[in-house]
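These protein sequence lines are chains A and B, in that order. Counting with the numbering used here, you get residues 4 to 330 for the letters of the first sequence. Counting with the numbering used here, you get residues 59 to 224 for the letters of the second sequence.
It should be emphasised that the hints constitute simulated quantities derived from the structure, not laboratory data. Treat the hints loosely; a few may be bogus.
As the list claims (entries may be wrong) - Straight line, CA to CA, 25 Å or less: simulated SDA-like cross-link-like pairs of lysine to any residue: (1) A/LYS186 <-> A/ASP156; (2) A/LYS41 <-> B/ARG205; (3) A/LYS41 <-> B/GLY94.
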Amino acid sequence: MKPFDYQRAHGLGDAGQLLVAEGAKPIAGGTNLLDLMKLEVETPTALVDVNRLPLGGITPHGEGLHIGALVSNSACAADPRIRGQYPVLARAILAGATFQLRNKATTGGNLCQRTRCYYFYDLSQSCNKREPGTGCAAIGGFNRIHAILGASDACIATYPGDMAVALSALDATVEIHGAKGDKRMVPVRDFHRLPGDTPERDNVLEPGDVITGVVLPAPPGGTQLYRKVRDRASYAFALVSVAAVVHLEEGVIASARLAFGGLAHKPWHDPRVEALLEGQAPSDALFDEAAALLLDTARGQGSNDFKIPLTRRTLKAVLREATGGTL
Amino acid sequence: MPITINGAEHDLDVDPRTSLLDFLRTGCGLTGTKKGCDHGQCGACTVLLNGQRINSCLTLAVMHDGDSVTTIEGLGTPDAPHPLQAAFVRHDGYQCGYCTPGQICSAKAMLDEVAAGWTSFVSDDVAGAPKLSEEEIRERMSGNVCRCGAYSNIVAAIAEVAEAQA
Ligand SMILES: Cc1cc2nc3c(=O)[nH]c(=O)nc-3n(C[C@H](O)[C@H](O)[C@H](O)COP(=O)(O)OP(=O)(O)OC[C@H]3O[C@@H](n4cnc5c(N)ncnc54)[C@H](O)[C@@H]3O)c2cc1C
Ligand code: SF4
Ligand code: FES
Ligand code: FES
Numbered sequence: 004m005k006p007f008d009y010q011r012a013h014g015l016g017d018a019g020q021l022l023v024a025e026g027a028k029p030i031a032g033g034t035n036l037l038d039l040m041k042l043e044v045e046t047p048t049a050l051v052d053v054n055r056l057p058l059g060g061i062t063p064h065g066e067g068l069h070i071g072a073l074v075s076n077s078a079c080a081a082d083p084r085i086r087g088q089y090p091v092l093a094r095a096i097l098a099g100a101t102f103q104l105r106n107k108a109t110t111g112g113n114l115c116q117r118t119r120c121y122y123f124y125d126l127s128q129s130c131n132k133r134e135p136g137t138g139c140a141a142i143g144g145f146n147r148i149h150a151i152l153g154a155s156d157a158c159i160a161t162y163p164g165d166m167a168v169a170l171s172a173l174d175a176t177v178e179i180h181g182a183k184g185d186k187r188m189v190p191v192r193d194f195h196r197l198p199g200d201t202p203e204r205d206n207v208l209e210p211g212d213v214i215t216g217v218v219l220p221a222p223p224g225g226t227q228l229y230r231k232v233r234d235r236a237s238y239a240f241a242l243v244s245v246a247a248v249v250h251l252e253e254g255v256i257a258s259a260r261l262a263f264g265g266l267a268h269k270p271w272h273d274p275r276v277e278a279l280l281e282g283q284a285p286s287d288a289l290f291d292e293a294a295a296l297l298l299d300t301a302r303g304q305g306s307n308d309f310k311i312p313l314t315r316r317t318l319k320a321v322l323r324e325a326t327g328g329t330l
Numbered sequence: 059m060p061i062t063i064n065g066a067e068h069d070l071d072v073d074p075r076t077s078l079l080d081f082l083r084t085g086c087g088l089t090g091t092k093k094g095c096d097h098g099q100c101g102a103c104t105v106l107l108n109g110q111r112i113n114s115c116l117t118l119a120v121m122h123d124g125d126s127v128t129t130i131e132g133l134g135t136p137d138a139p140h141p142l143q144a145a146f147v148r149h150d151g152y153q154c155g156y157c158t159p160g161q162i163c164s165a166k167a168m169l170d171e172v173a174a175g176w177t178s179f180v181s182d183d184v185a186g187a188p189k190l191s192e193e194e195i196r197e198r199m200s201g202n203v204c205r206c207g208a209y210s211n212i213v214a215a216i217a218e219v220a221e222a223q224a
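Bound conformation, chain A alone (with noise of 0.2 Å):
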């Protein structure tokens, strides 16, 4: 590990000013980012620790809730509003890493988690994210578990979290504090960024920015579930997920909200496939044509071709659930 500065930020004011010298990163729960310092592909000169800053706790706010920044996963997967109002959320979160990584891990480090992929960890590769304009190696590479969607020529990695695809299909808001003390409300769905030609920034924030909480609307009802499919049962990362909210009224899908991980290097909503389901009756045919129209630009890299079946199927079975059919 390179050496760092530590400091601990006593305010949110202070935090900011810490975070906007060159080289400074906040650390939450370091479950990610001090595993990328070990190994050198984060070098951050100066590490400012976030955790006794008055970010904890879950509150209510209007007809929602509002998680701190600094709720550990288990708080929020154990907190009886969120197991009882918002299931998808607490099953998505359930869904990753173990028991010991949440009680670490942090609502604001798991919302920024990099989105990454093998060839990010090994020095020896080349990688746009880690090293802009080193070219990508996954490219042409082994890319079993890479992007099919929204993926460009600079970078086809994956955002790998279940927490934050959930938050997307419930629509939830990322409260940041900026450098100049000033407060933004930024969409869950508009948090995390394509690759285009610049793969190393994986979400919107700006240096001295630091996440205060989450916002979760108020609790949408429905159907909720989460499904996560992977290489083992437990304890790793998503081949493809998809975080449902689902409506039936008189046999009719009323409205249907929909996520999906594993996908792209953002957590994936598309809301022509929603607006395609709402008001029609729940069929295997419906549920063929939303499957072809999320999937309508998709395209495999080689190894990973066959995360365009399996999302279709996983879609399906979801839906299948959701709308009261077997599996």
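Place chain B with the ligands on chain A using the hints.
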């Protein structure tokens, strides 16, 4: 402020790069906690931080002044073993023993999580009260890898202690 480890206070006068795991092993001479992967992937380094299980390899010692850590040495001794330690011996819940301190610390916290009502990904009802089945134990212990594959006996040892506590 110092850090409290198994009830004793220690000064945190270390290079900021020192992981909590390295601090425990080399700074405090508590070598019961093991280093497997050093990247959060195996669970050998599991300790209790303020009562909750964490991977001590993925956190910095300097971040923990004022915190309280319990390692395997603090759970029990050969003369007065923790019920989980005794059950692991009774059920042969190990072969080489390298993963065992992490398994036992993890299992201790896991039983506390169940008692606190935490559900897991395999719970039928995420909002309901958890019921500890074999499937639940396996899911909840998936952060502790055993290269010797002693899983069946590990699950049996934990299930026995869970039943005795119930
Ligand atoms: C073995 C392993 C398996 C895993 N499996 C999964 C999985 O299946 N699913 C899944 O979703 N995740 C998984 N994870 C990732 C894990 O969920 C993340 O590492 C964790 O959520 C990150 O949170 P943290 O608080 O530890 O972040 P940190 O490591 O502290 O920080 C991560 C990033 O966020 C930034 N940051 C932190 N807090 C803030 C803030 N308040 N404002 C602005 N920036 C901030 C940091 O600067 C850093 O860039 C796994 C991790 C490991 C090690
Ligand atoms: S896919 Fe992205 S992260 Fe992976 S090697 Fe290519 S540029 Fe790097
Ligand atoms: S040594 Fe910490 S998880 Fe492997
Ligand atoms: S007993 Fe050898 S690794 Fe578990």
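Hint check results:
1. Annotation: proposed proximity of A/LYS186 to A/ASP156 is violated, straight-line Cα distance about 34 Å (limit 25 Å).
2. The hinted pair formed by A/LYS41 and B/ARG205 meets the criterion: a straight-line CA distance of about 23 Å does not exceed 25 Å.
3. A hinted pair counts as satisfied when its Cα atoms are at most 25 Å apart, and A/LYS41 with B/GLY94 qualifies at roughly 14 Å.
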